[in-house]
Amino acid sequence: MSDDAAREDACREYLSSLEDLTFNSKPHINMLTILAEENLHFAKDIVAIIEAQIAKVFIT
Numbered sequence: 001m002s003d004d005a006a007r008e009d010a011c012r013e014y015l016s017s018l019e020d021l022t023f024n025s026k027p028h029i030n031m032l033t034i035l036a037e038e039n040l041h042f043a044k045d046i047v048a049i050i051e052a053q054i055a056k057v058f059i060t
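Quick note: the sequence shown, position 5, residue 5 per the UniProt record's numbering, numbers continuous.
Just so you know, these hints were derived from the structure itself, not from any lab.
The list that follows gives simulated cross-link-like pairs (lysine-lysine, DSSO-like), each with its CA atoms no further than 30 Å apart:
id : residue 1 : residue 2
1  : K26       : K44
2  : K26       : K56
3  : K44       : K56
Using the sequences and the hints, build the whole thing.
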């Protein structure tokens with residue numbers, strides 16, 4: 001798998017899981033942490049996803 005495809009796949013998986021987080025769920029947050037740790041080389045992309053989700057939540 002190319003680096004771009006791997007990045008896209010990791011980001012899509014992280015975003016999907018983050019969007020499912022609608023309340024404080026320790027198991028879900030732990031899973032998001034593990035996903036981020038498994039994809040450290042895409043850390044900037046994952047941070048951008050988290051920032052966008054925070055902005056989205058504050059707007060609505």
